[in-house]
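What follows is the residue order along each chain.
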Amino acid sequence: MAVIDFCATISDKLNTGVLVVDLNFEIVEWNRFLQVHANKAPKEVIGQSIFAIFPELPQKWFARKLSSVVQLRTQNFCSWEQRHHLFELPHTRQITTDSHFMAQNCTFLPIESDEGQVTHICILIEDATDVCHYQTKLGKTLEELALANRIDGLTQIFNRKHWEECLDKEFSRARRYDHELALIMFDLDHFKLINDNYGHQCGDLVLIKISELVQSLLRHCDLFGRYGGEEFAIILPETDLVGAKDVAMRIRQAIDETVIKFHNENIRISASVGVTTIDAKDKRYEDMINNADVALYRAKDAGRNMVCTANELEECFS
Amino acid sequence: MSSLNLNEDQQDCLQEIINVAMGQASDQLARYLDTFVYLKVPSIEQVSAQSLSMTLNPSEQAVAVVSQGFFGYEGIRGEALLMYQPKDSDRLADLLGYEPDELSVEEQIIDLSSILTTTFLNVFASQIDNQMSYSAPRLLASSKTSVSQHVEQQAFNWDLALKVKITYQVTDYSFNCDMILLIPESAIINIKTVIDRILEEY
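Chains as they are written, first to last, in the working numbering: chain S, 6 to 323; chain D, 120 to 321.
Keep in mind that the hints are not guaranteed to be accurate.
[What the hints assert, rightly or not] Just the calculated beta-carbon pair ranges, DEER-fashion: (1) E135(D) to N20(S): 51 to 61 Å; (2) Q134(D) to E243(S): 56 to 66 Å; (3) E93(S) to D213(D): 45 to 55 Å; (4) A13(S) to E193(D): 26 to 36 Å; (5) L28(S) to L318(D): 49 to 59 Å; (6) S104(S) to L318(D): 46 to 56 Å.
Derived by calculation from the structure, the hints in this document are not laboratory data.
Glycine included, every Cβ here is placed at the ideal spot set by N, Cα and C.
All chains should be modelled from the sequences, with the hints used to inform the complete structure.
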C-alpha cells in the first residue's frame, strides 16, 4: 500500500489558499484552493512570478511586506479590515453578497532552511467574505440605529434627548470662546382643540407640516428639535438677540399665514414664541431653556400668537 | 504573597531575559527599519482585572491600540497590546519603508505593531527555548474614549495578570509607543516553571 502524504492531501482539502514563493517571488507551491479559485493549474503557475499571475498586486508594498518576513524571520499579516483583498479571487457567496472579490485574511510565514536562513515565504489566504459581509451589515444597522436614536419619529426633526445634547455642547462652546448663542422655544396655540375637533390624525399632520415649514426657515447650522407634545425648540449658534428675534418673528408670521389641508377642512394655527440669548448669569444650558420658557409663557399670557424675549427689555411683538 | 507573585530571583531572571531579548530585537529592528530603535528598561508588575484600564494609560492619550495574541510551548501565552499616541502616526509609512499612499494609517499601525511584537517575542522565546505563534493583529480602538470603553466593557475571565511594559523610541522619527504584554494568571505558573528551570541551570 502506498504511503499517504498527509500534508499534501490535507493542503489540497483546506479551505485556505496555500501559496509558497521563493525570494525572487517565483511560485513554488500552489494548492487546490488556489487552483480552483484562480482557475489555474499548478503547471501554469509554478516557476512563474507571482506578479505575472496576480498583476493586481501592489508590487512595491508587497515586496516590502515580504522583506519584513525575510529579514526579521517573523510572520506578518494582512487583514480584510484594512485591505479588502490582495488577490483578485472570486468568492463562494456570489449570489447572496454584493462584493466582487473574496475578502481575505492573509498570513505571511517565513520558511527557514536548517541553517536558519529564510528561503521561502508561505502565504496563507483565508476567505473572509462572510465575516466582511456581516460586519458591513452590522455597521450599517448601527448607523441606522444611531440616526433613529436622534430623530423624532413623527416629525423627523431631532428628538428632545439629542436636541438637549446639542444645546449642552453649543452652550459649553459659546461659554469657552465667548461666542453668541440664542435659543427659541415655541408652542402651538390651542393645539388640544385641533385634536379634539378633528382627531389625532389631524393633530399629527399639523405637527409634521409645521416642522417642515419651520425647518425651511432655518439656516443649516441651526438645530431644530421637538421638545415635547406641541412644543418645539431651536438652537441658533453665533446669533445675537436682534438676529434671533428676527428669526422668531418670521416663524410666528409663517405659522400664522399657513393653511393646512386636512380632508376638506382648512386648518389654521398660531404659535407663541419665547426668545433668549446666552447670559452671563446662565450657569448651565438648562438656565437658557428656563429663560426661553418664561418668555414663551409671557407670550401666551399676552394673548398668544406673539414673540417675547426673556432679556431685560422683555418685549412682546405680534 | 500569592503563589502567582514572582519572587525576587524570578523577577530578576525574567528582567534579564527580557533585557537580552530587547537588545537583540532592537538590533534586528534597527537593521530592518534603517534607524535606531531604543527600548527602555521594562517595568514588570501584577495587575488585577479591575485596575487594567487605569494602569494601561493613566495620563497619556492613546489614540490607537493594537492587540495580538501569542502562544508557545509549555503553556506560555498572552496578549500583546501596542499603544500609540496621537502625534506618533505622522511619519509611520516613511519609517516602515512604504509609500504613504500605498496604505492607510490603520494598516501602517497594525503592520508596525505586528513587526514590533513578533520580533521581540521571537527573540524572547528563543531565550527560553520556546517558539511563538501569533494571532493576526487587530485594531481594538482608535480613540482615547474607545480604548478605555473597550477595556471596561470586557468581562474578563481572569483576576490577575503579569504585565510587562516596554517603551519603544525611534528618535529619528520622534516616535514612541508602548508595548504591553499581558500574561493571564493561568500562564503565569507556566512562566514561573520555565524561569525556575533556568535559575536551576545557573
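So, going through the hints one by one against the coordinates:
Separation of E135(D) from N20(S) is about 44 Å and departs from the stated range, judged on CB atoms against 51 to 61 Å. Roughly 58 Å separates the CB atoms of Q134(D) and E243(S), a value that falls within the hinted 56 to 66 Å. With their beta carbons about 29 Å apart, E93(S) and D213(D) fall outside the hinted range of 45 to 55 Å. For the pair A13(S) and E193(D), the beta carbons lie near 30 Å from each other, so the given range of 26 to 36 Å is met.
Distance hint check: the CB atoms of L28(S) and L318(D) are about 41 Å apart, inconsistent with the given range 49 to 59 Å. Checked against the given bound of 46 to 56 Å, the beta carbons of S104(S) and L318(D), roughly 55 Å apart, stay inside it.
The earlier numbered hints that this structure contradicts are 1, 3, 5.
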